[in-house]
Amino acid sequence: MTAELGHFTLILALCVALVQAVFPLVGAARDNEVWMGLARPTAMFQFLLVAISFGCLTHLYVTSDFSVLNVASNSNTAMPMLYKISGVWGNHEGSLLLWVLILAIFGAAVAAFGRNLPPALRARVLSVQSMIAVGFYLFMLFTSNPFERLFPAPINGRELNPLLQDPGLAFHPPMLYLGYVGFSMAFSFAIAALIEGRVDAAWARWVRPWTMAAWCFLTGGITLGSWWAYYELGWGGWWYWDPVENASFMPWLAGTALLHSATVVEKRDSLKGWTVLLAIITFSLSLLGTFLVRSGVLTSVHAFATDPTRGVFILMLLIVVIGGSLALYAFRAPKLVSSGLFQPISREGALLFNNLVMTTAAAAVLLGTLYPLFLDAIGGGKVSVGPPFFNAVFIPIMIPMIAAMAFGPLLNWKRGDLVAAFGQLKLAAILGLVALAATYMWQTDGPIFATLGMGLAVWLAVGTLTELAGRARLFSAPAGAWGRFRRMPRASWGMVLGHFGLALAIAGMAGAGGWTKESIQTMHPGEKVELAGYEFTFDGASEGQGPNYTAIVGKFTVRKGGDEIAKLVAEKRNYPIGGMPTTEAGIETRLAGDLYAVIGDPEGEDGAYVTRLYFNPLVVWMWIGAMVMVFGGVLSLTDRRYRVGAPKRSRAGAAVAAGA
Amino acid sequence: MNNRWLYSIPLAIFCVLGIYLGIGLTLDPKQLPNMLDGQPVPAFDLPPIKDRGAKGFASTDLEGDVTLVNIFGSWCVACRTEHPYLMKLKEQGAVPIHGIDWREEDPDAGPRWLKRFGDPYTLVGDDPRSKAAIAFGVTGAPETFLVDQKGVIRYKHIGPVNDEVWKEVLQPLIQQLRRNGSQTGGQKGGS
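Chains as they are written, first to last, in our numbering: chain A, 1 to 660; chain B, 1 to 191.
Just chain B, same shape as in the assembly (with noise of 0.2 Å):
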């Protein structure tokens, strides 16, 4: 009966999906700490997307104050399940926010959906080819990266962002670094 393996087919198809699921486990991007955290942002020039002026987003925006750079799309439904706390972030001004539209096919798709759920990002740079994406590493939408005052990434968090995200890793990580940010340029002052 050489029909007999014709059996076993349905097995081994589990086998490999079993140790693509076991991979994936170990892979979760969640507990994985990002190769990025303590480098410096890496150099990017975005233009800006429509309705929003001639200012687009640099790498250089972002010195000065501690940052969050969130990367979304209007076809990423997660980001749609992010954007009200970005939005309630922004009201209580906890944080400038700033936004890299990616992978838009439509040009008019990202500036429509922030008409449409609001915007609350201080700059926006359109990035449809993924340059700053993959210079930053990006593996899906949305995703959020602190940077402090030089323009170092500080943390990097996949998925998105909501109260427990905040309250817990992003608010205690911003104030310490807004504390050591005066320190240090205290201390500058003095000497």
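Next up, chain A with everything else stripped away, as it sits in the complex (with noise of 0.2 Å):
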């Protein structure tokens, strides 16, 4: 009965989802307060059933419902209950269900918490953000319903992916769909803007602590994928260039433009057409980015079951989307007036420049990820792209953007002074530089841009620190600076910590991407392996078992100067079900960098393995920076201007910033 009743509260969802869409829509545009205050109870309603399909799914994953073909698929009663519950979104269906699930939250949110939005526009961003979901919900009840039932009942199911069972893992995807699905408030908001034909300061108010969440949750989830890659695929790397990976990069590369540009609208009434299209393309590829990973269109790594129907479906759903949102900012947007002018050197200017170098750079990664479709349309056969693709473009585009990111928060609004934005950058500069000879001269062997990043890393984070010790007058009154400190938004300080938190992120990229070291062979128990200065001992391999699987578990000792360091313990898992091993590094995290073993087959019989080990160095910082970065995001989402509820009162607060 529950996968019944999981299937009804859908169908019933997605008949409250048509009634919400088209009802407020039409009261905004004929001033019918009646169908417009329907908006409010249809998104809490559609909550409410989204959520108990949810718990039916859940339910029947619990208790472990084989006669239900998605978890016989997917599930079986030897995985750990927390596996058991990953499952639910670990699978095609199950994963779909769960992305309406966030869309109606955030639904469900506006309507709680928007009473303040001028009611038509409220009407028409939910009207918007129900059209989208009555899209995902005919498309699971055409082609993925995740509530097929299996006849005969299997005895026991199949396996969630080895590779998925993982703690890392199992919240991956939920983070990285709050990030995607909160990208669409930002779209329901511009789209609403663009039937207004108006957008001001109000509405990028608006518009922002939803895109800052949705990027926190995008940062947030595209660490956790990377981290994973990291600790579970056990080759050392972080990042593969993968059509899935690119898939959530993409729109957070646009997302971070979009929370950009939000700040020119909201504090200098300009770039409002800008700000609207990129709020469409941020979606519109998070969108992309679901079509790419579920229709089959390229091979990746991250093998989903595909079907071409499904592909068919997704298709229409973006061009009707897409094409829909593009067409009507074609009709719309030049209408947006925006009334602010700067000049190119001020910081609307640096503002802007960051969002071109980020959708360019968008623009490379989308590109290099469809290239093989491309050509394959054409007929010029299937080609592999892969990472030098992506290193060759996607770094030097970068390179400039970091090199002003340093510069953009020191310049003035509407008119800008270059020439003394430098001589507060002169230490930043000189500090960048001796970092950049120093690792030049004593790791020569590395890539010239590993090089050039611990430059660049140690210039932005020097020059942001400079920014905020400037602002809280640190050094020219330095009697009054803590309280400076204390008084000062916290939205900047999200600013900052953002800021900073990428130059921690590009030093550990650059470290990881440039001085790996690595050595495989075959050890026998008590031999040693020297490299980058520490020396590994195994210690020899045992047979281990898990809930639901076998595993080989190596041990290694590391030693530095003949003092104990670390022990390493890497297991090498073998999971009968699904018929596929999976690696676990043991991995000691230093701050100077990993240690990393991975185990291999065993190699005759006498006790030897082939293994793998990695020093890995300054790679936690990349972790670090991105969770300073998340930090940061949260820290200004707390912000007063920000809070929901409190847009009138932020007025002088909003003009002292701006002033700053």
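One thing to keep in mind: the hints can contain errors.
Unchecked claim - Covered by chain A, per the in silico footprint, the following chain B stretches (three or more residues, Cβ under 8 Å):
1. 45–54
2. 76–85
Stated by the list, open to error - Which stretches of chain A does chain B cover? Using the computed rule of at least three CB atoms under 8 Å from a CB of chain B, they are:
3. 229–242
4. 270–282
5. 316–323
The hints are simulated quantities; they were obtained by calculation from the structure and are not laboratory data.
The model shown is predicted, which means the values in this text are computed figures rather than measured ones.
Yeah, the Cβ is synthetic: ideal placement off N, Cα and C, and Gly gets one too.
Now that you have both chains on their own, put them together as the hints suggest.
Right, dumping it as structure tokens:
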């Protein structure tokens, strides 16, 4: 019965979504308050229905009801409870249900907290949200029903892909989806603004927190995914430019640009048409990512079940949503008049530069991801573009942006003084060059981009701190600096942390990308291998047993200068049901770099194993940097000016911040 | 207002993109029958890769038993995911697997890769200039061809071979080919 209840509530949710899509929109056009008023209760009701439906699927998983195809294909009784639950979204159908659940949560949040929104805007936003939801409900009900029964029911199910049976990956999809779907809010606001023909500071103040929240989730989700790839795939790498990774990275790039341009709309009443376009692009890239992952047009490491009818359906959805919104944009955007004018050298100019670079980078990633498809379509055969293309194109695009990032916050609105800004950045420039030179002398063998990356990381970190110190007049008037730090708006702290976190992350990427040391060999128990100044001793391997897998557990001791500094435990697991091995790398995380060991297959009869040992310099700074960025985002979300329900009183605060 | 048209540019770009995505869907290589099915393997004679002796891999090696010909490259991420499964097939002794090491820029990269992840192949040919790969109509790596006892291509799988592909497609086909092969062989012996 639970499956039928879940299916039924999903159908009901579709009906409610149709009502929510049509009536409030017509009501807003005709100024009919009753029809507009339907938006809020329907959004709440829709959320309730989807939540019940999602609860049903979760219940089916928890109770291992194998008469449901989806459960039987992705779960079995031996799996730990955590993975039974994460199995709900570890498959195509369930992840779509999670998608619409999150969409409904955001809709309900607008309904609940959006009391102070103009009623017409709120009605239109909720209506647009619901249109997206209708598309996804139809997609699920016609091509991907998670509640499909299986007869006869098997005794036990198959298994969740063993690679996904991991705590990091259990929470990766929900985070990522909160990000993807969160951008639907910016999209709905953008479409509503196009329909109304009006974009103003209040609109931007509404859009920013949603975009910021989505950005935080997406950053967290991408980081989790990258971290997972790092320790679970056992190749010592953390980013492979795989289509699925790119699918999440493109909206991140566009969303970061959106975050910055929305600031300009809010503070300076400028870049309106561009910001609306970015909101559409960001969500479109989220949808495109879904299409690429789900339709199977591109082969990837992350093999999902693919089905051509699904691909056709998602393509139709894409054409309606993206094509429709861009057509609306073409008609209505010319009406969005911006009043704020600015010089090229100004805060606005710097933010626009950021925008152009970020969108160019997103376009480059899109091109690289779709290039094999383009070539295939014109009969050129299928090619693999791979990391060489992305590294060669993406990194040079980002370098000028990192260089400019330190300048942006130091420039005034409207008209900035580049020479004065550079005067303040002398220290950053000197330290950056010192870091560059030191890295170059010390590590002669690395790629030039990594050396450059270290210099840029120091430049950006010091530049950001310089701006922070200057804002609080730390050196010119140290007495009151503490008080000024404390009175600084949280949104400003968010900016500082965001930029500083990126600097840390760049250092980590440069270190890990440039100077990873690797050693592959057969090791007998007791044998020692020297790597990057560390001595790895293989202490032998034994058989282990998990709840639903068997494992070879290899132990290593790492010494430096004779002192024992770490013990590493690496596993190679075999999941008999899925017939698939996974590696669990043994990792000791240190600030200078990770000690990383992987155990392979036995070699001969005397306890020897193939082992892979890595020293990955500075990797941890990548994760720390990403966490600092997310923390900055969360901090600025708690800023009074962003807080939902406090738009009026913030005028004075905004003016102060704008003048600062 | 002549710059009104500027606002239509995003739509125009998307239209082009949409057309390509549409074509891409119809072209889904997994859904298309392979033109070479039922054709004899193209003639090729590839040199060996380093550290693997003097024997390379040629089309004449394919007669006798049912075999898999796997196109791989050390640069190919999907091949790495496929690799453990090929190792498993080798351990089971399920079917001889031959490899074509495709498009290596560094002649040491392929041997190093096999040393690192294990070597599931009976014979390996080096194909840096895509000589055999073009003849086979390879569209990307990994790709796997099922070749029968007479050296005729019976099936082509695009993308990594995994448990599902093996159990549902390759294994039944191999069993069928082996059965037919032994029957015809038996008839010949009897006549």
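Checking each numbered hint in turn, tell me which of them this model violates, lowest number first. 1
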